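Starting from the known structure of chain L, fit chains V, G and B onto it as the hints suggest.
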Amino acid sequence: MSPVNYVYLAAVLFTIGAAGVLIRRNAIVVFMCVELMLNAANLTLVAFSRIHGNLDGQIMAFFVMVVAAAEVVVGLAIIVMMYRSRHSASVDDASLMKL
Amino acid sequence: MAVLPAMSAAPGSAGPAVLAATSTSAGETAAFWVLGSVAVLGALGTVLLRRAVHSALCLAGTMVILALFYLANGAYFLGIVQIVVYTGAVMMLFLFVLMLVGVSTADSLKETLKGQRWLAAACGLGLGILLVAGLGQVSVRSFEGLGQANAGGNVPALASLLFTKYVVAFEVVGALLTVAAVGATLLTHRERIEKTKSQREQAEERVRAGKHLPPLPAPGVYARHNAVDRPGLLPDGTPSDLTVSATLRNRGQVREVGPEALHRVAALEQRTADSHGQTEHTGRMYGEPHDPERDVDDADDEGQGGREARKARGDAREEEAAK
Amino acid sequence: MSVANAGFPLLTVTAALPAAGAIATAALPAAKRGAAKWVALVVSVATLVLSLVVLARFDPGGPRYQLTESHAWIADFGVRYELGVDGIGAVLIALTALLLPFIIAAAWHDADELEPARPNRRWRPTQGFFALMLATEAMVIISFAATDVFLFYVFFEAMLIPMYFLIGGFGDRAHAAGEEEAAKQRSYAAVKFLLYNLVGGLIMLAAVIGLFVVTSDQLGEGTFSLQKITEARADGGFQLDTNIERLLFLGFFFAFAVKAPLWPLHTWLPNAMGESTAPVAVLITAVVDKVGTFAMLRFCLGLFPEASKWATPVVLVLALVSILYGALLAVGQRDIKRLIAYASISHFGFIILGVFAMTSQGQSGATLYMVFHGVSTAALMLVAGFLISRRGSRLIADYGGVQKVAPVLAGTFLVGGLATLSLPGLAPFISEFLVLVGTFSRYPVAGIVATAGIVLAALYVLLMYQRTMTGPVTRPEVRAMPDLRVREMAVAVPLVALLVFLGVFPKPLTDIVNPAVEHTMSDVQKKDPEPDHQVAETGWFDYKPAEHAGGDHK
Amino acid sequence: MESLIGLLVGFPLLGAAVLLCGGAKLDRSGHWLGVLFSGASFVTGVVLFAGMLGRPTDERALHQHLFSWVPVESFQADVAFQLDQLAMTFVLLITGVGTLIHIYSVGYMEHDVGRRRFFGYLNLFLAAMLLLVLADNYLLLYVGWEGVGLASYLLIGFWQFKPSAAVAAKKAFLVNRVGDAGLAIAIFLMFTTFGTFTFAPVLENATDAGEGMLTAIGLMLLLAACGKSAQVPLQSWLGDAMEGPTPVSALIHAATMVTAGVYLITRSGAIFNGAPDAQTAVVVVGAVTLIFGAIVGCAKDDIKKALAGSTMSQIGYMVLAAGLGPIGYAFAIMHLVTHGFFKAGLFLGAGSVMHGMNDEVDMRKYGGLRKYMPVTFVTFGLGYLAIIGFPGLSGFFSKDQIIEAAFAKGGTQGLILGAVTLIGAAITAYYMTRVMLMTFFGEERWRGQENEPHPHESPKVMTVPMIVLAFGSVFAGGLFKAGESFVHWLEPVTQFEHGHSPFSAAVVTGMTVVALLIGVAGAWLQYGRRPVPSVAPRGSLLTRAARRDLLQDDFNHVALVKPGEYLTRGLVYADNKVVDGAVNGTAAAFGGLSGRTRRVQNGFVRSYAVSMFGGAAVLVAATLLMRAV
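Keeping their order, the protein sequence lines are chains L, V, G and B.
Residue 72 in our numbering sits at position 92 of the first sequence, and the numbers go up by one each step.
Residue 260 in our numbering sits at position 242 of the second sequence, and the numbers go up by one each step.
Residue 227 in our numbering sits at position 226 of the third sequence, and the numbers go up by one each step.
Residue 46 in our numbering sits at position 35 of the fourth sequence, and the numbers go up by one each step.
Mixed in with the good hints, there may be bad ones.
Said to hold, decoys possible - Stretch-level coverage of chain G by chain B, calculated; a stretch enters the list once three of its residues show a Cβ under 8 Å from a Cβ in chain B:
1) 54 to 67
2) 353 to 365
3) 430 to 437
4) 444 to 458
5) 467 to 480
To be verified - When the alpha-carbon atoms are kept at most 25 Å apart in a straight line, the in silico DSS-like pairs for lysine-lysine are as follows:
6) B:K173 x B:K573
7) G:K528 x G:K508
8) G:K229 x G:K527
9) G:K405 x B:K36
10) G:K310 x G:K229
11) G:K185 x B:K588
12) B:K173 x G:K405
13) G:K229 x G:K528
14) B:K173 x B:K376
Since the hints were derived computationally from the structure, they do not count as laboratory data.
Predicted, not measured: the structure shown is a model, and the values here were computed from it.
For every residue, glycine included, the Cβ atom is placed at its ideal position computed from N, Cα and C.
Okay, chain L solo, but in the shape it has when bound (with noise of 0.2 Å):
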């Protein structure tokens, strides 16, 4: 088996939680399905870091763990706000940017 299947399940993961994050109205669950996407494109690093025999890509992916981790924390932040005024999770309710 080639490393490169690493890759192809990434593929798959990362589709799936861009699925998700179309699908879902529940504001964390579309979070999650976005840290689904992060942690596909992490492992895609990965493996590239394998098959290139060079540790830059996991570097990568350190650092983008980091940012993901930065990113929750202030996503959930916002999420918990946005609940606390409308009382209500789902994206499909912030929608004031229509006409």
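Structure of chains V, G and B alone, referenced to chain L:
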């Protein structure tokens, strides 16, 4: 977990002698297919399960499996970090927020945006096929393996890269993390700008506005159910919507008080009056005397029935005026 | 006059005078609205004098463009401030300047109704009204004088702004369905006018840019100068690809066809003329629209001769449709002003027919037609405006028997109408006949079809006259109608006199126009068709000169 | 001498300008001013005539070039006059009869408030008519041509407060415009063929152009003539034109303007000579109108309309004669002149009768008037005898010549034409006798009516012109016939050929006299012996049709007016709905489209996310494609 060393050994055993391998070990292959399937199932579960908690748990499982894959790919540090930071911290944060929002609520998976599901499916599928097709084109026949790079240990190697080549990025990311933490705190922090009004002050305000001097009647008073969505009756026997919470009113979820209930109340009063000997207090106000046959469960109070009841009430009032 | 030779910018001054007048008028305080009217009138008369100086300075035998001025304007795009007139431009500038005093005098009280009860520093309708008219005049004059395509374009479009306000802001208040409906119709008309012309203008802008691109491709540096391009083409240094030339031609033509207006782009005109006051309607049809037909002659034919020839069949058919369609619709109108508007559409059909017949008679006729149609429509429309102002209704059915109570009004109206139907002896006959002869000599069928237009013209004019002016007086409003007042006579009589004079003696105009038409003909490299059996000049022709000479000394 | 030509036109033009622009100051004297200008023109005409007679035949034509009118390259239109024998004839007729009618009008219009305006219009008419006959080119002729149309329009509609008059005026102008279009096209054809439209070069070189082109020009000229001279199929306006004051009917719609068509055809003789088909068309039009007008004239009870029918018929004679070519031109003009005298006389007589009868026009309400208005009776009677062709009077000579020329056309055609002219002569005798009997003889049917009129003779100012015209009606024909003087006078312009009639002149004259006797006898049997009912009987189908002008108006209504109305109504609708609708529809479509596309921006994050992912997918696809390519 027993497979772990074997898997980690596999690239290692290839050693520096073999720079490029074309295939991974059979153990890793087996583990990939088994764990990969589980990961995909977990991902699907994340997307498809109705309860957010279940989604979170499925995601945690997927992440753990991914951690295992990191390990299998020679990213030992990342594997551990994935478990500790992601599965441990981030997912817990998710669960924590979930608790805050309400852990038991199940989302409806019914799509409300027209065509959204189909578009999403098409986009997702299209993107997936394209990605896979693209990867198929890349067709990497051999791979280097991390044997050489990890020769001095994975963590030291990473560290040396991180603190030399990527030191600036590292610092920036650190700053980012700090800012994010501060930002989250700021966002969720609610500062009271003004003093909380005391009960007395609130009462005085009401008096000044000239409305509802006494406290609002509680819902369900004299109604059959003491439910919050059932309006209470005013002294003249008419139901007052004001007794129901504004939220329910706005949603139009106020239950009607059916004529039967009114009759029953009238009968009750009559009986009370009888027992107290106050004969002049008749059920005049409440229309006809109690009819036990109509004392059915008021499941029909909603919808059409409710509307009819409202009409009947109006008629009753007119009748009264005529008298 | 020697100043003019020393590079005195006569054309600029002619255009700048009304512009300055517009500013001066607009700046007058609210209380001075009487003064505003006089300032506008005096400025327009002064402009007329200047335009006559232009006409006098113009030497028909001289170079093609005269009184030229040229200054760099936007150097990066080769845009220059270039002015110059050929015979056609000079005559049309004179027409514009001639009509404005009459329009202003006729509109003397049109803005009074809008005056607020108490003088208001900000809301000064009278000042605004006359300032907008003068501004339009200035822009039209520049358009007629511009020999730089871009300069022309700028003013061609800018003209829309004052016209928009004149139509929408100072429109006719006489509407059968009441003031509110009138306001609605008015703003509809103004917006329609603006949108139609804007769409045309924007398409033209694309073509203008295209022109810059091709000139910079071929001449090394982009230019908008008509003279430069014409010269370069004559040298052979500038040759357009057939398809590009056709596209550019279409871009220009579309804008001009909207402005002219040509069927089926005409529907803005009846609305605009119907909803604006009569003087503004005259401004639209007699002055502003002329820029469209003028530009066809100067820019479409001058810049894109081959494409013009290519498009001729289609344009001729559209012009013929305009002629008959406009006339038939005029017959069916119940509103006096809309009737005149449709008549104008028919007449613009004749002008375009003459332009694209590509014969000297056709083009001279078209140029004269622009002038004469301006004068005749002004006479008819302004008198119609006087009539409408007396009764407060635009509907033909609301009149009848006016001739008995207001004979002078009816008489001038009749003369205006007869001019509209091109009665010989009045000016429009000459132009119409020239157009028809010019068209017939190259396209006999088109000539014959167009001739049907003169029968229909008689129908709509006489129907309108019969229904408004003749018959017994049955309506009390008509019975109480006063005849023309002094101010109104001062407007109507000179126009009528001019129609008669030019109908009898148009030679001064033809002398100026003919050489310019020859230039245009050489632009498109067309010659008049030869007669099948050219008659040797015998008979009276030999006999005439001696006779003539004898007659002169008598 | 040449410079006087301009004065011919100038006097009446000045008169018109003065009278129309002069204002109320001239109300009291304006009519005499009009007579003065008209008379001045007549005197000028006489002076020129005397001068012309004093010159040898081939130098008689005069030419005056005033100024260059519309010079555009090869299109050179000048204002120039040409006074030859033909024009001279017309000048004398127009100014002479015109002046007489001016004088008559002074009396006839005495009580009309618009008298000044009336005389202004009459002067305008004279100017236009003189311009028409004096022009040296077709374009200037066209100016006069439409000028007389305008004058006719103004004068028919002179009593504008009568809706019928306004409608009749409009109708006359419109029908004439159709003919004018024909003249315009003829000018276009001349210009494209010869490069000029001046009479001399065109006519001298006409034969170069080929028969096809000449036929085309000829037919177009015929169309013009039909319009102006009320020939079938453009005849419908003449009857209605009687709405105008009677002097107008006499001058314009009997003596002068309506004969302009004959002038045009005669003037363009060279063109018609080269185009036999066009000539045939002319003859057919003349013959049809001759009978048509005569039949209409028989059925009308309105004295003026009966005379109008007669006018059409008589002009039919002239057109027929003009269509015969050089054998007929001179006779056409001769009949034109004599007709000018007697028809003007008849109309003036009719006007005089109306004047005495409270403006009643229905002959069934006349009767026995000869006692009350003797002068009118005598002059009218002389005119009557002249028109029916009573031997020795003007009409006899001129009509007889035409009938002879018609037979002389030769062949079957000649026989048919001769027969038609003879039948026409019989019908003419019939209807004119009818008019005469109904008006001046029989019972006094006007008695006992409400508003009973008091018939009386007209004042001198009216009767004198009638007497002068009666003299003309009696003697002009004989004068012209004597020594063929008229034919010789015109010969240089119109050429002349002797036709070869299958019958001798005496036989033709005999047939003519028989025809006229039949006609007179028929009328006497019907109207002289029996009392005339004062309400018209229903009559036969033909009579009823003839009363409706042989259904000409009905035909026009059905064939032209109604479809025209539907067309304009349809177009007005289409302009609103289709042309404007297309534009408004486009606008609405854009509005609707943006309303739809606006919904894409629904504010839901997830929708935006979908488009983002879609975009990403497209980008990936594009990348892959680029790599593949």
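Which earlier hints can't be squared with this structure? Hint check: 1 fails alone, others pass.
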